[in-house]
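Enquirer: If you want the building blocks of each chain, they are given just below.
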Amino acid sequence: MSKIQEVKEKVEIGKTKLIPGLVQEALDEGNTPGEILQAMVDSMSVVGEKFSSGEIFVPEMLIAAKAMSKGVDVLRPLMAGDTATSLGTCIIGTVAGDLHDIGKNLVSMMIESAGFTIVDLGVDVPAERFVAAVKENENVTLVACSGLLTTTMPALKEAVQTIKASGLDVKVIVGGAPVTPAYAAEIGADGFAPDAGSAAVKAKELVV
Amino acid sequence: MLTKRQNLMETIKGGNPDRFVNQYEFMNLIMEAPLGEMAGPGQTIKNGWGITFSWPADQLGGFPVHDEEHKVLKDITNWKNQVKAPAVATSDEAWAAAVAHANAVDRSEEFVTAFVAPGIFEMTHHLMSMEDALMALYEEPEDMHDLIDYLVEYELAYAKELINRIHPDCIFHHDDWGSQRSSFVSPEMFAEFFLPAYKKIYGFYKENGVELIVHHSDSYGANLIPFMIEMGIDIWQGVMTTNNVPELIEKYGKQIAFMGAIDSGVVDFPDWTPEIVAEYTEKACQECGKLYFIPNLTQGLNFSSFPGVYEETTKVIDRLSKEMF
Ligand code: B12
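From first to last, the protein sequence lines stand for chains A and B.
For the first sequence, the positions run 91 to 298 when this note's numbering is used.
For the second sequence, the positions run 2 to 326 when this note's numbering is used.
Just chain B, with the same shape it has in the complex (with noise of 0.2 Å):
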C-alpha cells in the first residue's frame, strides 16, 4: 500500500493511486504557527491589523466589522497612513508549538502543512469592506497595487519565518475569489492585480522547499484556472460542482488537480444524513475518476460546520475506494 503521500503524488501526477486521496488525509496541518488572532464563538477581537472581527455565538462563524467606527481602510488613496501591517512574530517561543507539532510528522507519510489565511484579495475586503475593495480596483488602481504590494511584502516577511521554522512541504492558503456562480472579478483585472501578487508568493515557497501549493477558493473559479496554473498551484481546494469539475479535469488535470466536488451546502446543514452525504459522494467519485481529482466537502478545514459529515464523507470515500480500486 502507498503511503498517504505517495497515494497523493500518483493522483495528481496521474501515475497509478491505488486509492482515493481521502479529504485532508495527506496535510498534517500545523495549526500552532503565530498566524494572528482569530475570533472564536462569541468573541469579538481586533488583530494586528486593526480589523475588528466578530462571532456572535449563536452563529456559524466569524466576520469582519465594516461601520464606519471599525473600518481600518476608510480612503484608499491614504492607505499609507491608514494601513500598518503587524510584526511578524520572531521569537523561539512564538514558534515552539509549531515546531514541536512539524518535528513529530513522520515526512514520508504525509505532508508538514502550514496554514496561511486570509489571502491577499481577502485581506484588502477584510481591511475596507468588499464594496470598496472592488471599486478600488477601478478608482483607484494604482494606490490598489501598492496596496496589495505592501500586503505581499508582509507575507513573504512572514513566509520566512514559517519556512525558517518549521521547512513546510506543503501550503494551504486561502483566499476566495469567488462566488458559486462567478468569480469576484474579471478575469483581466485577476490578472492584473492578483496573478503577480501571487506569482511572487508561491514562487517563493516554491524556492523554499515547499513541493506543494494548495489553494482554496470554495467558489466558482473555472475562468482563472489558466492564472492558477501559471502562479504555481497544484491543487485547487474547494472547487464547486459549478464549475463543472469533470469537464476541467479532462481539460487541466495534467496541471492542476482539483480537491472537492463534493459542495458543503448541500451536505453540511443541521438536519443531514449519511444517505445524503453518500449520495453526493459517490457522485463525486464517480463523475470525476481516480486521476487528478481529491474527493472532498468544499470547507476549507478538515472538518464540519455541523459534527459527523466530515467523518461521515471520509467513511463514504472509504468504502468507495475499495469498490472502484
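So here's chain A without its partners, still in its complex pose (with noise of 0.2 Å):
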C-alpha cells in the first residue's frame, strides 16, 4: 500500500500517534503537501457520511479529526502562503444564551477539514459579534451558527437577520437539534444541514 493510502486509511480510524510519522513518509515517498492534505480530506469526508449515516459515533469522529489536525501540523510549516486549498473563513459559533457546543465543535471540525479555515467565537456569541468578526477576519466566505435549545431559537433568528442586514457578502449556515431546513429557510439562512458531515458538504456547495 502506498504511503499516501495509509495515510488516509489511518486518519479514518484515528491513529493519532501513527500519523505525524506517516505523513512524513509520505512526502518522502514524495507525494506533495497538497496530495496529502487532500487524502486526508477525503478521509473526513468519509468518516463525515458514516457519522450521518448512524454507522460511528461522537468519539469516532473525535479522533478522526485529531488525527487529521496532527497530520496539518506536519504539513504546515510546509504549506504556508499556499491557499490554493482554502475555502475562505468560515467564523462559527453557538447563539447568544446558549453554551451547548459539542455539536458546533463537531460541525468546525468538519468544515475545517473541507478546507476553510476556522474562526470559533464559542458559545453564547451575540448576532454583532459574528458581524464583527466578519469584518475583524480576512477572506470570510461564511458565517456558521448553532443553536441547541428551542428558547434560543429567537437568538438564532436574530444572528442571521443581523448578519444579512450588515449587507457583508458572507453565506450563513444554520444547525442544531431544534433546527429545520423549514425553519433556517424562514429565518433567511443559505443553508441548513442536520449533521456534522452533511454540514462540511452544504458548506462547500454554498461558497464555490
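One or more hints might be untrue.
Among chain A residues calculated to face chain B with C-beta under 8 Å, some are [stated by the list, open to error]: (1) Gly104; (2) Leu108; (3) Pro149; (4) Leu152; (5) Ile153; (6) Gly187; (7) Asn195; (8) Val224; (9) Lys225; (10) Asn229; (11) Leu239; (12) Ala267; (13) Pro271.
Derived EDC-like pairs: lysine to aspartate or glutamate, alpha-carbon spacing no greater than 20 Å straight-line [unchecked claim]: (14) A:Lys107 - B:Glu141; (15) A:Lys156 - B:Asp19; (16) A:Lys160 - B:Glu143; (17) A:Lys156 - B:Asp133; (18) A:Lys107 - B:Asp76; (19) A:Lys160 - B:Glu132; (20) A:Lys156 - B:Asp76; (21) A:Lys93 - A:Asp163; (22) A:Lys107 - B:Glu143; (23) B:Lys316 - B:Asp19; (24) A:Lys107 - B:Asp19; (25) A:Lys105 - B:Asp19.
Just so you know, the hints here were simulated from the structure itself, not pulled from any lab data.
Even glycine gets a Cβ: it sits at the ideal position worked out from N, Cα and C.
Two chains, each in its own frame: build the complex with the hints.
Expert: Now the structure itself:
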C-alpha cells in the first residue's frame, strides 16, 4: 500500500499517534503536501458520511479529526502561503444564551477539514459579535451558527438577520437539534445541515 | 380504582391498568437527600468534586465550566491525583429532612423515590469536558476503566447510606447517553465501559429492596436497549420520539417500559399553547397504547421549563384516560 493510502486509512480510524510519522513518510515518497492534505480531507468526508448514516459515533469522529490535525501540523510549515486549497474563512459560534458546544465543535472540525480556515467565537455569541468577526477577519466566506435550545431559536434568527442586514457578502449556515430546514429558510439562512458530516458538504456547496 | 402504585405495576407488567400512569405521579421524589451541591439561577458554585457549575440568571439551566483553569481532570493518565471523591454525608442531621419526607409517604399509594444524578457517564464529562471524556475512551481505555470503577465505588457508598436511611422503593437515576439522533458512544463501547458499571450499581439497589429502577436519558437510545434490560432498568424515562416508541414497545415492552414520547423541545417553550400540548400528548397516547407505556414530557424531573406546560400535559392525560379506558 502506498504511504498516502495508509495516511488516508489511518486518519479514518483515528490512529493519532501514527499519523505524523506516516505523513512524513508520504512526503519522503515524493507526494506533495497538497496531495497529502487532500487525502486526509477525503478521509474526513468518509468519516462525515459514516457519522451521518449512524455507522460511527461522536468519539470516532473526534479521534479522526484529531488524527488529521496531527497530520496538518506536519504539513503546515511546508504549505505556508499556499491558499489554493482554501475555501476561505468560516466564522462559527453558538448563539446568545446558549452554552452547548459539542455539536458546534464537531461541525467546526468537519468544516475545517473540508478546507476552510476556522475562527471559533465559542458559545453565547451575540448577533453583533458575528458581524464584527466577519469584518475583523480576512476572506470570510461563511458564517455558521449553532443553537441547541428551543429558547435560543429567536437568538438564532436574530443572528442570521443581523448578519444579512449588515450587507456583508457572506453565506450563513445554521444547525442544531431543534433547527429544521423549514425554520432555517424562514429566518433567511442560506443553508442548513442536520449533522456535522453533511454540514461540511453543505458549507462547500454554499461557497463554491 | 387502583392505587398509583398498583396502576404503574399493571402498566409495566402488561396487566390491567385502569388509566394511564400520569407522568411522574407514581414517584414521590425525595429531593432532600444530601446528593451534593447544585447551582441555582444566577449562581456559580464548586461542588464536592471540585467541579464548577455556573447558571447565568438569564438562562435555562446550569453548566459545568471547562476552561483550563476550572477543568478538574486535565490529564486522564493522572486521574488518581486529580480526582478526589467527596465524603458521603453520613450524619443524622444531613439525612433528617429526607428521612422525615420518606416516612410521610404512603407506600401503598406511591413509590418512595430517590433521585440520583449525575450518572457515571455524565460524571466523566463533568470532570474533564465531553470531548476529552469521549476521546479518552479510545486513547486511554485502561485509565477510563479505572476512573469509572472509582466513580462506581463512590456511588455504591452513597447508595448504601441512601438505602439505610430512606429504604427507597424506586430509584430515579439520570445519565444522558445520547443526542436526539444517536447515542453518544457506539453500542460496543457502551457495553465495554458503562454496562458493567451499571450492572453493579443497579444490581446493588435491587439486592437491597429497591423494586423499580427508572433511568433518565432524554435522547435517542434504541440501540442501547438490550443493555438497559441487562443492567436492570425497569423503565426508560425520557425516550424521545426519534426512537420510534411504538415499535420499541412492541419489541421490548415485556422487558422494559417506556416513559416519555412527548418531546419537551416541541411543547415546552415560551410561546406554548394548550392546543400544542394536547396535539403531542394525544399523538403519544394513541400511538403508544396502554401497556408498557407512560406518557410524559421527556424532561428529567416533574416540572417544565416554562410554567404551566407540565400541568397542562397532566390535564390532557387525565382526559385521555377517561376517553380511552
Ligand atoms: C450534552 C447536553 C448538555 C451538556 C452540554 C455540554 C456541552 N459542552 O455542550 C450540559 C449537561 C452541560 C447541558 C446543559 C444544559 N442543557 Co442540555 N443537553 C445535552 C444533550 C443531552 C445532548 C446535546 C449534544 O451535545 N448532542 C450531541 C451533538 C453531537 O449533537 P447536536 O448538538 O445536536 O449537534 C449536531 C447537529 O445538531 C448539527 N449541528 C449542531 N450545530 C450546528 C451548526 C451548524 C451550522 C450546522 C450546519 C449543524 C449543526 O451537527 C451536530 C453534529 O452532528 C441534549 C439532549 C438531546 N437529546 O439532544 C440536552 C438539551 C439540548 N439540553 C437542554 C437543556 C434544557 C439544558 C440546560 C438548560 C440545563 C438543563 N436543565 O438540562 C443547560 C443549558 C444551559 C444553556 N444556557 O445553554 C434541553 C433543551 C430543551 C429545549 N427546550 O430546547 C435538551 C434538549 C435536553 C432536554 N430534553 O431537556 N446540556
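Enquirer: Now look at each hint and say whether the structure bears it out.
Expert: Do the hints match the structure? See the list:
About 7 Å separates the beta-carbon of glycine 104 of chain A from the nearest beta-carbon of chain B, less than 8 Å, and the hint is met. The beta carbon of leucine 108 of chain A is not positioned within 8 Å of any beta carbon in chain B (closest approach about 13 Å), and the interface hint is therefore violated. Because the beta carbon of proline 149 of chain A sits about 4 Å from the nearest beta carbon in chain B, less than 8 Å, this interface hint is met. For leucine 152 of chain A, the interface hint holds, since its Cβ comes within 8 Å of a Cβ in chain B; the closest pair sits about 5 Å apart.
Among the interface hints, the one on isoleucine 153 of chain A holds; its C-beta lies about 5 Å from the nearest C-beta in chain B, closer than the 8 Å criterion. With a least beta-carbon distance of about 6 Å to chain B, the hint placing glycine 187 of chain A at the interface is held under the 8 Å criterion. For asparagine 195 of chain A, the interface hint holds, the least distance from its beta-carbon to any beta-carbon of chain B being 7 Å, beneath 8 Å. Given hint, valine 224 of chain A at the interface with chain B, is violated; its Cβ is 25 Å from that chain's nearest Cβ, farther than 8 Å.
Interface restraint check: lysine 225 of chain A against chain B, minimum CB-CB distance 26 Å, threshold 8 Å, status violated. A least Cβ separation of about 28 Å between asparagine 229 of chain A and chain B goes past the 8 Å threshold, and the interface hint is therefore violated. Nearest Cβ of chain B to the Cβ of leucine 239 of chain A: about 6 Å, under the 8 Å cut. The hint holds. Checking alanine 267 of chain A against chain B by beta carbon gives a least distance of about 5 Å; that is within 8 Å, so the hint holds.
The beta carbon of proline 271 of chain A comes no nearer than 15 Å to any beta carbon in chain B, farther than 8 Å, and the hint placing it at the interface is violated. Proximity of lysine 107 of chain A to glutamate 141 of chain B is assessed by CA-CA distance (about 13 Å); at most 20 Å being required, the pair is judged to hold. Distance check on the hinted pair: lysine 156 of chain A and aspartate 19 of chain B sit about 55 Å apart at the alpha-carbon level, beyond 20 Å; violated. A hinted pair counts as satisfied when its Cα atoms are at most 20 Å apart, and lysine 160 of chain A with glutamate 143 of chain B does not qualify at roughly 23 Å.
Taken as a hint, the lysine 156 of chain A and aspartate 133 of chain B pair is honoured in the structure, with Cα atoms around 11 Å apart against an allowance of 20 Å. Taken as a hint, the lysine 107 of chain A and aspartate 76 of chain B pair is honoured in the structure, with Cα atoms around 17 Å apart against an allowance of 20 Å. Between lysine 160 of chain A and glutamate 132 of chain B, the direct Cα distance comes to roughly 17 Å. Compliance with the 20 Å bound is thereby established for this hinted pair. Annotation: proposed proximity of lysine 156 of chain A to aspartate 76 of chain B holds, straight-line Cα distance about 16 Å (limit 20 Å).
As the CA atoms of lysine 93 of chain A and aspartate 163 of chain A are separated by approximately 17 Å, the hinted pair is consistent with the 20 Å bound. A hinted pair counts as satisfied when its Cα atoms are at most 20 Å apart, and lysine 107 of chain A with glutamate 143 of chain B qualifies at roughly 17 Å. A threshold of 20 Å between alpha carbons decides the hint, and for lysine 316 of chain B with aspartate 19 of chain B the separation of about 17 Å falls inside it, so the pair holds. The hinted pair formed by lysine 107 of chain A and aspartate 19 of chain B fails the criterion: a straight-line CA distance of about 61 Å is larger than 20 Å.
With a C-alpha separation of about 57 Å, the suggested pairing of lysine 105 of chain A with aspartate 19 of chain B is violated against the 20 Å cut-off.
In this structure, the hints that do not hold are numbers 2, 8, 9, 10, 13, 15, 16, 24 and 25, in rising order.
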